[in-house]
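Protein chains: 2
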Amino acid sequence: MSVSNALKQRRSVKHFDPAHKMTNEEFKHLIDHAILSPSAFNLQHWRIVRVSDPAQRQAVREAAYDQPQMTDASEVLVLCMDLKTWDKEPAQYWNHTGPEVTDFMVQSITGYYQENLQAQRDEGMRSCSILSMALMLMAQEMGYDSCPMDGFDFAKVGQIINMPQDHEICLILTIGKALQAPHPKGGQLSLDDVVLTDRF
Amino acid sequence: MSVSNALKQRRSVKHFDPAHKMTNEEFKHLIDHAILSPSAFNLQHWRIVRVSDPAQRQAVREAAYDQPQMTDASEVLVLCMDLKTWDKEPAQYWNHTGPEVTDFMVQSITGYYQENLQAQRDEGMRSCSILSMALMLMAQEMGYDSCPMDGFDFAKVGQIINMPQDHEICLILTIGKALQAPHPKGGQLSLDDVVLTDRF
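From first to last, the protein sequence lines stand for chains A and B. Each residue of the first sequence is one higher than the one before, counting from 289 in my numbering. Each residue of the second sequence is one higher than the one before, counting from 289 in my numbering.
Just to be clear, a hint being listed does not mean it is correct.
Copies of the same chain look alike in the list, so a pair counts if it works inside one copy or between any two.
Stated by the list, open to error - In silico DSS-like links for lysine-lysine, alpha-carbon gap of 27 Å or less:
| id | residue 1 | residue 2 |
| --- | --- | --- |
| 1 | Lys372 | Lys465 |
| 2 | Lys296 | Lys465 |
| 3 | Lys444 | Lys296 |
| 4 | Lys316 | Lys473 |
| 5 | Lys376 | Lys473 |
| 6 | Lys302 | Lys444 |
| 7 | Lys376 | Lys309 |
| 8 | Lys372 | Lys309 |
| 9 | Lys465 | Lys302 |
| 10 | Lys444 | Lys473 |
| 11 | Lys465 | Lys376 |
Hints are computed from structural coordinates only; laboratory data are not their basis.
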């Protein structure tokens, strides 16, 4: 499926077929492509928690105000960010280059993130959100539908998945087979409202 | 181009052909598709500043530590978020539904963002980053290359584009024709490192 058609056909779906399962081969195909997404300094901040156990699914559903996607979707992926990738052997992300480039990159990485908690969080949000779009468009190509969700108690879901203290959740992506067509698309802002030339 | 091929072929490109220009028809095709991206509550937090004027390009380049993409790329898009979309007539995003749904959505929107500055910022980062991936993959399909950038002085670029106080920059996306093949791809974390089942 072309990128343009995937963008045109993608809609956020609320009702998934609870009987449909994604195969492990499909899941691997999905993830193998999505993790080719870019991340700043190649730090790959994303950590994907694939929630499969029915009791875990139910717990996440309760933390998400009982939204049925959390149990009915074929896949429920909690997209988390490791806020401290930059401080965990960053040279590993640049070990394919010569030592001079590696040293330069490690210095740049440390300079960018150290003592800037907001930059660490923003970066994780960027990386995981970019990854989420790769997952949504890949899902579309594979004949699936999806819904990115942030209507849940982030702290509770963090507890349910035993998330480390130095991680945060970006969003939950549900993927499955749509049971109903979604509602008509909401109003779209015009290009004049969202595109500016040179300055505001 | 298929989504999977666009993901496989996309690389962050550092050297663009400064002679190549994108036509307005191409630009419209690119943006028309990318803004079909999802955003929470359909708020479409993104505002895209298309930097075309050579003096503006040069100023952004200086604020980006003289990185040549800022003048050489065919398009330099500063992806900004309006942090206060939720407080600016939010009913306009739900005017296609009946009044009951509109009222419910406006209440939900206000409840989610009001008095939560971090949630406002996170949401803008999510929406703009998701949009950026739509732009990158569309660019790929259209025969272009791209590079998402956050190595610049955010405050300085905000001044250059006269950004309102209630906006923030997410990233700058450069799009153009690659002059050189990018460096070999950096080390990729294995699936075992990034995918967890049910919990950490």
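Comparing the hints with the structure gives:
Taking the shortest alpha-carbon separations for Lys372 and Lys465, neither the intra-copy value of 35 Å nor the inter-copy value of 34 Å comes in at or below 27 Å. In this assembly of identical chains, the alpha carbons of Lys296 and Lys465 lie at most 27 Å apart whether taken from the same copy (17 Å) or from different copies (25 Å). In this assembly of identical chains, Lys444 and Lys296 lie within 27 Å of each other by CA distance neither inside one copy nor across copies; the values are 34 Å within and 36 Å between. For a Cα distance limit of 27 Å, the shortest separation of Lys316 from Lys473 across copies, 20 Å, qualifies, whereas the shortest one inside one copy, 31 Å, does not.
Taking the closest pair of Cα atoms, Lys376 and Lys473 come within 27 Å of each other only across two copies (20 Å); inside a single copy the shortest separation is 43 Å, beyond that limit. In this homomeric assembly, Lys302 and Lys444 come within 27 Å of each other (Cα to Cα) only inside a single copy, at 22 Å, whereas the closest approach across copies is 41 Å. In this homomeric assembly, Lys376 and Lys309 never come within 27 Å of each other (Cα to Cα): the closest approach is 36 Å inside a single copy and 41 Å across copies. When the C-alpha separation of Lys372 and Lys309 is checked against a cutoff of 27 Å, the pair qualifies neither within a copy, at 34 Å, nor between copies, at 39 Å.
With identical chains, the CA atoms of Lys465 and Lys302 are at most 27 Å apart within one copy only, with a shortest distance of 10 Å there and 39 Å across copies. Taking the closest pair of Cα atoms, Lys444 and Lys473 never come within 27 Å of each other, the shortest separation being 31 Å inside a single copy and 37 Å across copies. In the homo-oligomer, the alpha carbons of Lys465 and Lys376 never lie at most 27 Å apart, since the shortest distance is 38 Å inside one protomer and 35 Å across protomers.
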